[in-house]
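Visitor: Keeping their order, the protein sequence lines are chains A and B.
For the first sequence, my numbering assigns the number 6 to the initial residue and increments by one for each residue that follows.
For the second sequence, my numbering assigns the number 2 to the initial residue and increments by one for each residue that follows.
Hints listed in this document are in silico derivations from the structure and should not be mistaken for laboratory results.
Once the Cα atoms are required to be at most 27 Å apart in a straight line, the calculated DSS-like pairs of lysine-lysine come out as:
1. A/Lys356 x B/Lys64
2. B/Lys3 x A/Lys356
3. B/Lys9 x B/Lys64
4. B/Lys9 x A/Lys232
5. A/Lys189 x A/Lys232
6. B/Lys9 x A/Lys356
7. A/Lys62 x A/Lys189
8. A/Lys234 x B/Lys9
9. A/Lys232 x B/Lys64
10. B/Lys3 x B/Lys64
11. B/Lys64 x A/Lys189
12. A/Lys242 x B/Lys64
13. B/Lys9 x A/Lys189
14. B/Lys64 x A/Lys234
None of these values were measured; they are calculated from a predicted model.
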Amino acid sequence: MSFEGPEGARAEALSPDAAAPVGTEAPEGGSSGQDGGPQPEPPPVYRGADLLVEVLKEEGAEMLFGIPGGATINFYDALYNSGIPYVLARHEQGAIHAADGYARISGKVPVVTGTSGPGSTNLMTGIANAWFDSVPMVIIAGQVSTSVMGTDAFQESPIFSMTMGITKHNYQLMRGEDMPRVVKESFYLARTGRKGPVLIELPKDMTSNEIPYRKPVEMQLRAYTPKPKIDRALVEKVKHDLARAKRPVIVAGAGIVHAGASELLRAFVEKARVPVVHTLLGLGTLPSDHPLSLGMGGMHGTVWANMALHECDFLLNIGSRFDDRLTGALEHFAPRAWIAHVDIDEAELGKVLAEDYPIHGDAREALEILLDGAVDPSPSEEWLAYLDSLRREYPLWYRTDRPYLQPQRVVEIASELASDDVIVVTDVGQHQMWVAQFFRFRRPGRFVTSGGLGAMGFGLPAAIGAQIADRDALVLTFLGDGGLQMTEQELILLREYDLPVKILLLNNNSLGMVRQWQELFYEERYSSTLFNFQPDFMRLADAYGIVGRRVETEEEARTALEEAFRTRAPYLIEFVIDPMANVLPMVPPGNGVHEMEGVKPE
Amino acid sequence: MKQLLALKVNDQPGVLHRITGLFLRRGFNIATITVGACEEPGVSRMTILLEVADERVMDQVRKQLAKQVDVLEVEDLTDRDAVTRELCLVRVEAPLKMRSDLQSLIQPFRAQLIDVGFETVVVEVTGSPAKIDALLDLLRPFGVLEIVRTGLAALPRERQTESGRAVLREGRSVEV
Numbered sequence: 006m007s008f009e010g011p012e013g014a015r016a017e018a019l020s021p022d023a024a025a026p027v028g029t030e031a032p033e034g035g036s037s038g039q040d041g042g043p044q045p046e047p048p049p050v051y052r053g054a055d056l057l058v059e060v061l062k063e064e065g066a067e068m069l070f071g072i073p074g075g076a077t078i079n080f081y082d083a084l085y086n087s088g089i090p091y092v093l094a095r096h097e098q099g100a101i102h103a104a105d106g107y108a109r110i111s112g113k114v115p116v117v118t119g120t121s122g123p124g125s126t127n128l129m130t131g132i133a134n135a136w137f138d139s140v141p142m143v144i145i146a147g148q149v150s151t152s153v154m155g156t157d158a159f160q161e162s163p164i165f166s167m168t169m170g171i172t173k174h175n176y177q178l179m180r181g182e183d184m185p186r187v188v189k190e191s192f193y194l195a196r197t198g199r200k201g202p203v204l205i206e207l208p209k210d211m212t213s214n215e216i217p218y219r220k221p222v223e224m225q226l227r228a229y230t231p232k233p234k235i236d237r238a239l240v241e242k243v244k245h246d247l248a249r250a251k252r253p254v255i256v257a258g259a260g261i262v263h264a265g266a267s268e269l270l271r272a273f274v275e276k277a278r279v280p281v282v283h284t285l286l287g288l289g290t291l292p293s294d295h296p297l298s299l300g301m302g303g304m305h306g307t308v309w310a311n312m313a314l315h316e317c318d319f320l321l322n323i324g325s326r327f328d329d330r331l332t333g334a335l336e337h338f339a340p341r342a343w344i345a346h347v348d349i350d351e352a353e354l355g356k357v358l359a360e361d362y363p364i365h366g367d368a369r370e371a372l373e374i375l376l377d378g379a380v381d382p383s384p385s386e387e388w389l390a391y392l393d394s395l396r397r398e399y400p401l402w403y404r405t406d407r408p409y410l411q412p413q414r415v416v417e418i419a420s421e422l423a424s425d426d427v428i429v430v431t432d433v434g435q436h437q438m439w440v441a442q443f444f445r446f447r448r449p450g451r452f453v454t455s456g457g458l459g460a461m462g463f464g465l466p467a468a469i470g471a472q473i474a475d476r477d478a479l480v481l482t483f484l485g486d487g488g489l490q491m492t493e494q495e496l497i498l499l500r501e502y503d504l505p506v507k508i509l510l511l512n513n514n515s516l517g518m519v520r521q522w523q524e525l526f527y528e529e530r531y532s533s534t535l536f537n538f539q540p541d542f543m544r545l546a547d548a549y550g551i552v553g554r555r556v557e558t559e560e561e562a563r564t565a566l567e568e569a570f571r572t573r574a575p576y577l578i579e580f581v582i583d584p585m586a587n588v589l590p591m592v593p594p595g596n597g598v599h600e601m602e603g604v605k606p607e
Numbered sequence: 002m003k004q005l006l007a008l009k010v011n012d013q014p015g016v017l018h019r020i021t022g023l024f025l026r027r028g029f030n031i032a033t034i035t036v037g038a039c040e041e042p043g044v045s046r047m048t049i050l051l052e053v054a055d056e057r058v059m060d061q062v063r064k065q066l067a068k069q070v071d072v073l074e075v076e077d078l079t080d081r082d083a084v085t086r087e088l089c090l091v092r093v094e095a096p097l098k099m100r101s102d103l104q105s106l107i108q109p110f111r112a113q114l115i116d117v118g119f120e121t122v123v124v125e126v127t128g129s130p131a132k133i134d135a136l137l138d139l140l141r142p143f144g145v146l147e148i149v150r151t152g153l154a155a156l157p158r159e160r161q162t163e164s165g166r167a168v169l170r171e172g173r174s175v176e177v
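Looking at chain A on its own, in the form it has when it is part of the complex (with noise of 0.2 Å):
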């Protein structure tokens, strides 16, 4: 199978010499070149959904994502033979998870499709989770034709307004002729500043009528400033500080991958000798085994990263956004630093805590300004050391009395095996945080996780966009039995395209995260998390034609991983995992970062 189309469709091509204008009137016939002087040429008329692929490939998009439907019908039909690859998943939640792996690995801008009503509110929670997580997509959401909007026509929903909260902008479409112009924003937005979602909500009619088009096509974005002027003077003055500052500490934030900053960062606090505490999305801005990188922090952080937040005197976070995840209860968080803050969101400054050193700006711009001239060191050195002997006195964890596998082992194991390139992608719970702590990350952006909003059914959609963007590299997908069976439907993409994702299922036949908080904080009152009839992973991934291989010792996991990771073809391996593993450390709610439990063994 082949992303370009299925063979033999239409005769004419759609390159932009191709297209045949269907007719030559001008939009205002008539009211010009009445001085009798040379009359302007009438623009070229395009049938909208023919526009609509034109203007799409003006914009350098390369890969769409979807399902199409009645709104949507003239669309696809202008895609046929269009050679803009298409990828057709199984539902919408599935099309767009996968867009956004895609988006993170390539660092491309995917456009992604559903129909009107069912198809767009499918496609919710993945525009959520893109907008969370500030990765680029251009969503085009059929609607009913403009004559029946709003009288709750057949498969109506009002995705405009629905998705004002969870799109970085969104347009509704209401005519022709701004289509051109509406699509240029649409991917300028989404690829700029702080990236995100961008959504247009085409309404049938806009893609069958006879739309003209005139290039170039001007932007009407006055007010919009994707690249804030840098304060440079306080950049320089963090510096200044931060070099006299004892008990240093950089947070690294997913705004240093989407600026691909990560070299400069390690090149910095190689320099002036400050660790680094990651978010979940900024693991892998410095490698997992760089002396200078403490590992994540906040709720399942380590105790080393969480004591160097509590107890730093000098903070500098690059690109996250506070989020409680990571801070725990604010009043315990580096209650004696001095806190720098940089961000290419301004209303990120401000919001969680009142910085003293707010910085608007880029965080490539920011660390450029840092490395710039000498870096003198912080008197670090001491601090360095204590944070080093609360990592050998409360190295991560996990239990060795049990007689079951277990998962943190299956990552190491994992971890240990796998090249150099590999991607990482996970859905949302515990196995999350268990990949998050116990897998040695070695590269920048190549990890792929549901961060902000924390979307079961993430992980599966989004290797398959991974590994499209990446059709090389090993792709590894950590999935619990919970989120599998939330888009299960699109493993039939794996065969559809040549997809060779190793699923790596880690089963404790619960929803194990707050099966976890059940145990520890609702007396083990374990309502609704206990799975009692599970499918048999075995046959459904049989079903879809992958091979599957079922495994509960270290031993069996060991030879099932390596054989995973010698074939070139998708591979799942159901890891039987002890049921009553937990995630440990852990921040409880309410708690401050250095107020953990589990650190040690009991």
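Start from chain A and add chain B according to the hints.
Guide: Using the frame of chain A, we list chain B on its own:
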């Protein structure tokens, strides 16, 4: 505390929803909001009076508005010397024999009757919210049947007066 904002926004479908939706999601409480055409074609001006908890929230409101693509300008008039006006229409119970009393009562407010019937009249008054409140208090004994208020419209003064300057803080007016 109150926060007074003057916005210029694209005159686009959904822009009002975009702004009020933002306030709703972020838990910002709107006291009044007015929207209308302004000096620039295709652009509307909004005046928003908010009830906010503290300065941090005020700052967040301004930044969240400024990052909207359809918001062209955000000006925080809270600590600036600005002219503000509100229009109020009140239907008052006023039998004919009471009319002269009513007239003499509203006259100092430069209010006027814009509709008269046998039993009721409609009074129009323009001014600061405090002035309108004062007039409404005076009208209540007559029997106030219906009230409609537009909410504030505001523009900064060209010259900031002494009192205005005294509380004027820098950096509160931003071009976005």
